[in-house]
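Residue numbers (this note's numbering), protein chains in the order written: chain Y, 12 to 463; chain S, -7 to 81.
Calculated from the structure, these hints are not laboratory results. One or more hints might be untrue.
Said to hold, decoys possible - Here chain S is said to cover these stretches of chain Y; the calculated rule only asks that three of the stretch's residues, wherever they fall, bring their Cβ under 8 Å from a Cβ of chain S:
#, region
1, 14 to 21
2, 75 to 85
3, 264 to 273
To be verified - Beta-carbon label-pair distances, calculated as ranges:
#, chain 1, residue 1, chain 2, residue 2, range
4, Y, Asp246, S, Val29, 32 to 40 Å
5, Y, Pro243, S, Thr26, 23 to 31 Å
6, S, Thr4, Y, Glu72, 30 to 38 Å
7, S, Glu73, Y, Ala292, 23 to 31 Å
8, S, Lys50, Y, Glu143, 41 to 49 Å
9, Y, Lys420, S, Thr26, 53 to 61 Å
10, Y, Pro455, S, Glu73, 32 to 40 Å
11, S, Val29, Y, Ala292, 25 to 33 Å
12, Y, Asp17, S, Asp41, 13 to 21 Å
13, S, Ile23, Y, Ala292, 33 to 41 Å
14, S, Asp32, Y, Ala292, 25 to 33 Å
15, Y, Asp385, S, Gly64, 50 to 58 Å
16, S, Lys66, Y, Ile293, 38 to 46 Å
17, S, Gly13, Y, Asp17, 41 to 49 Å
Even for Gly, the Cβ is constructed at its ideal location relative to N, Cα and C.
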Amino acid sequence: MINTNDILETINMIENENFDVRTITMGISLLDCIDDNIDKACDKVYDKICRYAKDLVKTGEDISIDYGIPIIHKRISVTPIAMIASACQAQKTVKFAKTLDRAAKEVGVNFLGGYSALCHKGFSAGDYALIESIPEALSVTDRVCSSVNIGSTKAGINMDAVAKMGRIIKQTAELTADRECIGAAKLVVFCNAPEDNPFMAGAFHGTGEPDCVINVGVSGPGVVRAALAKAPDCDITGVADIVKKTAFKITRVGQLVAQEASKRLCVPFGIVDLSLAPTPAIGDSVAHILEEMGLETCGAHGTTACLALLNDAVKKGGVMASSHVGGLSGAFIPVTEDAGMIAAAEKGCLTLTKLEAMTSVCSVGLDMINIPGDTTPEVISGIIADEAAIGMINSKTTAVRLIPAIGKKAGDTLNFGGLLGGGPVMEVNTASPAKFIARGGRIPAPIQSLKN
Amino acid sequence: MKAVITVIGKDTVGILAGVAGVCAEHGANVIEVTQSVMQDMFAMIMMVDITSCTVPFKELAEKLNHIGEKFGVKVHVTHEELFNTMYRV
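From just these sequences and the hints, can you work out the full model?
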């Protein structure tokens, strides 16, 4: 018989500590849907997504019932649409976004990622057209997510793309200003974007991936915090051990769900993404883990060190629990999606500069941060450039998902509702980097890229 | 194939019989039962063989949840595999 305490521990995790599998994401290649007639291409895209993903939601729900584990999201990622759209030049790229939205609604997934362009070294015509269409695409669709990769350790940083994305983020927010600027919450700018990430808004299906694949993202900040709360006086090595053991258990469940979904859907298993993904729900916060380690408030001096320990221990514990680990894997720090981060930002203890430092040791980057509506596109580009530089030099993924709160200033709030949460508009340094951004060109790949 | 049924809540008369009754009705064979009552909180773990279960797992889970609601306790049903995966390397 299985140990009684283990069973009760698991039930307690599910009932009281928000333990769940965050997402089963089906990656679908659309490369075989390319057509120079955009209507034909859209039909092929719609048909393929609906055919491949028709049982995705039901299968996720069935697995959830069989194992008693909530599986929060069933989602889809597709080949970056810029590649598909490049065959239909001079036609409205936004048609693809509408098609993806229709397909997502038909199969019942809440988000579909891949309205994306990879332009870390330069633009193709398709990249250019897609990026220009992002503001409209995100304002006329509900479930489509967009991402743009503007830099990598191997390629350097495409500063023309950085300049462009500052403007695109602002326009996206403006076009959805009547809906709390939600468009910008579905747009991520990456450096070193992973090709197998199951988490939104940055998920897309990379070109090195198989035709179809199942990737699973785990979660469980509440479980980690609760485990730490049971050992209030252990030293920091003990803290790391507790995080590792907990991450192992969480990831094992992710692996089980991934294998089961792969078997039932007859689709190969790709990776498990070992992430601590918070939600605005009470008891599901990464900030509260850091506070449990001994910080008065997230954002205090010591936060970066605690986050570094957490991020590393999650990977160490999780990596042995899964046969394939990938995606973003680490601790997310999205401000509006994390009750503890929201509280710390409202107190003024968590600032944009501290968050920037934290992104050098967390799994992604500046995520879900509301900034004043009058922030200039050049300042947004400056923030993107800084973040991309951290990613490029440290050979890690970094990202920027900022929401310019149109018509609002620091101290006001934006509320998206649901898992995107809401929170205060944060102060931004307004000194202008306009001349630097206007130079354009490409930051050369760093010396650490020359590994051959 | 085995499933683990956990029942947690305030102790009342007939919980064990209620849950076991649902299992028997649908051909789920009870293999082992552990239960403890701490003050007035009741925690029961039941291992059942569902190989010959006459209804789909989903339906069994729904019926057990229903009986749990009737007694005001929380019933959780899951495949044994979940615990083996989490706690055995």
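Cross-check of the supplied hints:
no. : hint                           : in the structure
1   : 14 to 21                       : holds (count 6)
2   : 75 to 85                       : holds (count 5)
3   : 264 to 273                     : holds (count 3)
4   : Y:Asp246 - S:Val29: 32 to 40 Å : 37 Å, holds
5   : Y:Pro243 - S:Thr26: 23 to 31 Å : 30 Å, holds
6   : S:Thr4 - Y:Glu72: 30 to 38 Å   : 31 Å, holds
7   : S:Glu73 - Y:Ala292: 23 to 31 Å : 27 Å, holds
8   : S:Lys50 - Y:Glu143: 41 to 49 Å : 47 Å, holds
9   : Y:Lys420 - S:Thr26: 53 to 61 Å : 60 Å, holds
10  : Y:Pro455 - S:Glu73: 32 to 40 Å : 51 Å, violated
11  : S:Val29 - Y:Ala292: 25 to 33 Å : 31 Å, holds
12  : Y:Asp17 - S:Asp41: 13 to 21 Å  : 20 Å, holds
13  : S:Ile23 - Y:Ala292: 33 to 41 Å : 36 Å, holds
14  : S:Asp32 - Y:Ala292: 25 to 33 Å : 29 Å, holds
15  : Y:Asp385 - S:Gly64: 50 to 58 Å : 55 Å, holds
16  : S:Lys66 - Y:Ile293: 38 to 46 Å : 19 Å, violated
17  : S:Gly13 - Y:Asp17: 41 to 49 Å  : 27 Å, violated
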